[in-house]
Every structure is written in C-alpha cells, then in structure tokens.
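Going by the working numbering, the first residue of the sequence shown is number 17, and it counts up by one from there.
Keep in mind that a hint or two might mislead.
[Stated by the list, open to error] Derived BS3-like pairs (lysine-lysine); straight-line CA-CA distance at most 27 Å:
1. Lys157 / Lys310
2. Lys338 / Lys99
3. Lys275 / Lys258
4. Lys55 / Lys192
5. Lys277 / Lys258
6. Lys62 / Lys163
7. Lys163 / Lys341
8. Lys365 / Lys99
9. Lys275 / Lys310
10. Lys62 / Lys99
11. Lys338 / Lys258
12. Lys62 / Lys155
13. Lys365 / Lys267
14. Lys62 / Lys157
15. Lys341 / Lys157
16. Lys155 / Lys256
17. Lys338 / Lys155
18. Lys163 / Lys267
19. Lys258 / Lys192
20. Lys157 / Lys338
21. Lys365 / Lys277
22. Lys192 / Lys96
23. Lys192 / Lys157
[Claimed, not checked] Just the calculated beta-carbon pair ranges, DEER-fashion:
24. Asp221 / Lys155: 15 to 23 Å
25. Asn266 / Asp29: 42 to 50 Å
26. Tyr112 / Gln328: 33 to 41 Å
27. Gln334 / Arg82: 46 to 54 Å
28. Pro57 / Gln328: 49 to 57 Å
29. Lys341 / Gln234: 46 to 54 Å
30. Pro57 / Leu366: 47 to 55 Å
31. Gln328 / Leu366: 50 to 58 Å
32. Val60 / Val327: 48 to 56 Å
Because the hints were derived from the structure by calculation, they are not lab data.
Computed from a prediction, not measured in an experiment: that's the story for all the values here.
Here a beta-carbon is modelled for each residue, glycine too, at the ideal position from N, C-alpha and C.
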Amino acid sequence: MHYVSAVAFDYEDEQYVVYAQMIDFSSVTSPESDKPTNKLPVYVGKGTGDTVASAYNDLYNASQLRTFHGHVGAIVFGEKLLKRGIGNILDLLTRYHEFRYTAWVFGSRESLEEVLSASPFFNLSPIASLLHQPQELYKQKSIVAPKMLRELVTDIREPGRTAHLPSLGLDQSIWKTSMKPTDLLVYNGIFTLHSYECNGFFPVDDLRGLRWLTPSTQRSPLTLRDGNNVYSDLSLRHPKVKIRAEIQDNKITYRLQTKLKANVIEVIQPIDEREMEELAAEQVTQEILATYQKAYEQGVDLFQLEHALYVQHNRWWQEHIKGRKLVLPAPEELNIEVDVNVSTSGKLKLQTK
C-alpha cells in the first residue's frame, strides 16, 4: 500500500488536476543520529479529469499499489481553482472517509508540483517543512496564521465570515546549500474566500496589521521608529482582541480593540518605557489602518466586521445584511484602540534618556 502525505488541486484547460505527494515514511521515524546523507526522494503524481474523482482515477492508473489517504497532512489549492470555487473539492475532502479534518490547508500561485517537491534542510523528510508543520514557524514569528481543513470549512460555512487561506511560495534568496540556491517554502500572503470562491489576495507586506487583531498570534516583531529615528526592536505577544459593532439610527460603527504585551529584544537608542509603549501603540494602529486600507480597496472584509455584526446584532443583520454584500466603512470611520504594555526588557535593564 502507498501512503499519500499531501495532495494539491487545480483547474487547467477546463479540467481538474490532482497532485499527490508520497514519501518514505520510514525516514520520519529515524532517530537523529541516523539522519540520511542523501536527499530523500519525493514522489509526486498527477492526474486530470472532468471531475475531481475522475482526476483521482487517472492518477491511480500508474500507482502500482493501492493508495491510502489517511495520512494526508497538507492540502494545497491552486489559484485558478480558488477563483473558480472549491465547493466540490471540499465536498470530496469532507465526504471521503480517508481524509481527516486535521490536515493543513494552503493556496498557492506557484507550480503545485514544485511546491509538493520542495525539501527542507539536512536531507530530512518533507514532513519537517512548512507544508506539514506550519505551526512551528508561527510560534516564533506570527505573520500568517496556519489553518486546518476543519477551520477552513467552518469559516466558509459561518455566516458573515471571510475565510483566510495561507499562501505558499518558493524562495531561493534567503538560504543556500553549499553556496547553491535552494527552493524553500515560504508564506507569501493569504487568499480570502467568501462562499467557496476566492475574492482577494494579499501579499505578506500588506498584512502587517492583521497579526495585531489575530488572537492566535504567538509573537511578532515590531521595529520601533519615530520619523528617521529607530529606537528598538520589540516582540509583541498574545493580543487580546475585541471587535464591537454598534448601531445607532441604522448606521453601523465599529470599534477595534487590541491589548498586547511587549518584550524588548534590542535597544538602539535610549527611550523611556512609557514613550516606548506609546510609540508602539501608535505604530500598531498605523499598521492596522494600512492593512484595512488594502482590504477596503479590494472590497474584502479582512477583519471580520460582518461576523461581529452577525453575532452581536443578529436580528438587524438578518433584516438588513443577509444575502447582500456588507458596505465596508471607510478607514477613517474605524475606531481603533491599541494598548501596549512592556512586560520585560530581557536580561538587561531598560536604559532611559
């Protein structure tokens, strides 16, 4: 029996395309001292068909043995498929008994075959990569939140909610292997989905404000600036987020509140703790506004404002919004409240001016 470790789906030339990744699972359980000296092979198969099921059947033609999907840990959707809609793909993934709801899900603009073929450092198994263990990097630098299949399905089916789907790219510019470029997986943004269809894409640089309104954020860096002056680097942690929708005379206003704790990582110029907190709060506010501006331009409810309205004023939502597209408030109409508290300066005391 062959064990599939990841699958990918796309739509090309009016046909569905299915990719399957298989690896040698014996390499996953090898002890650290028995690390392989050669790069482990990654097997990637491709099938096409008029339906997803027929594409799978095409893939099976040369599979040699029966393939089992109970160990699928990652699912990737191509951009063309996302724009077409993934309703029937999710139907298959949630209907077929071998697939599990705990698989990580991603979108990608890259060649899906190359994404599934990318290998991590030290000739380790592809299981030790961003594709199969995205939560490990997120614990250290929280920019794009990982998502499981069950979370994606819940977000899509929940009224008033916009689903965020992490996007994977390939990068050769950061790490090299013996001075040779190496394709490594990176987050390059997120796709947003509403009612099973993609309605936007946001590169990582446009998402800096989203992390401060994401409760799952573990820690994320912030370089403290005031004009041309750089004062310090902070690590902001565990935001406590509240999004409130208020209605008066049938006009909706939104209040976005976030409280963050900060660790001082590096001090470039002496600065008072209180001034540091005020500058950090101001900078976080500006990042939130900048990200919202990008979403506003695309007409995407990136901050889940409609869901806050749906939960907090359900009857009003049923009467005025259900079945229609929410009119997003202009950025200047948002009420944003940010509180930053410096909880530790590390092993050194904070030097003041």
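Cross-check of the supplied hints:
no.: 1; hint: Lys157 / Lys310; in the structure: 22 Å, holds
no.: 2; hint: Lys338 / Lys99; in the structure: 23 Å, holds
no.: 3; hint: Lys275 / Lys258; in the structure: 9 Å, holds
no.: 4; hint: Lys55 / Lys192; in the structure: 15 Å, holds
no.: 5; hint: Lys277 / Lys258; in the structure: 16 Å, holds
no.: 6; hint: Lys62 / Lys163; in the structure: 25 Å, holds
no.: 7; hint: Lys163 / Lys341; in the structure: 25 Å, holds
no.: 8; hint: Lys365 / Lys99; in the structure: 52 Å, violated
no.: 9; hint: Lys275 / Lys310; in the structure: 23 Å, holds
no.: 10; hint: Lys62 / Lys99; in the structure: 21 Å, holds
no.: 11; hint: Lys338 / Lys258; in the structure: 23 Å, holds
no.: 12; hint: Lys62 / Lys155; in the structure: 33 Å, violated
no.: 13; hint: Lys365 / Lys267; in the structure: 49 Å, violated
no.: 14; hint: Lys62 / Lys157; in the structure: 34 Å, violated
no.: 15; hint: Lys341 / Lys157; in the structure: 34 Å, violated
no.: 16; hint: Lys155 / Lys256; in the structure: 17 Å, holds
no.: 17; hint: Lys338 / Lys155; in the structure: 37 Å, violated
no.: 18; hint: Lys163 / Lys267; in the structure: 34 Å, violated
no.: 19; hint: Lys258 / Lys192; in the structure: 42 Å, violated
no.: 20; hint: Lys157 / Lys338; in the structure: 37 Å, violated
no.: 21; hint: Lys365 / Lys277; in the structure: 17 Å, holds
no.: 22; hint: Lys192 / Lys96; in the structure: 31 Å, violated
no.: 23; hint: Lys192 / Lys157; in the structure: 21 Å, holds
no.: 24; hint: Asp221 / Lys155: 15 to 23 Å; in the structure: 22 Å, holds
no.: 25; hint: Asn266 / Asp29: 42 to 50 Å; in the structure: 49 Å, holds
no.: 26; hint: Tyr112 / Gln328: 33 to 41 Å; in the structure: 37 Å, holds
no.: 27; hint: Gln334 / Arg82: 46 to 54 Å; in the structure: 49 Å, holds
no.: 28; hint: Pro57 / Gln328: 49 to 57 Å; in the structure: 53 Å, holds
no.: 29; hint: Lys341 / Gln234: 46 to 54 Å; in the structure: 33 Å, violated
no.: 30; hint: Pro57 / Leu366: 47 to 55 Å; in the structure: 52 Å, holds
no.: 31; hint: Gln328 / Leu366: 50 to 58 Å; in the structure: 40 Å, violated
no.: 32; hint: Val60 / Val327: 48 to 56 Å; in the structure: 42 Å, violated
Checked against the numbered hints above, the structure breaks hints 8, 12, 13, 14, 15, 17, 18, 19, 20, 22, 29, 31, 32 and satisfies the rest.
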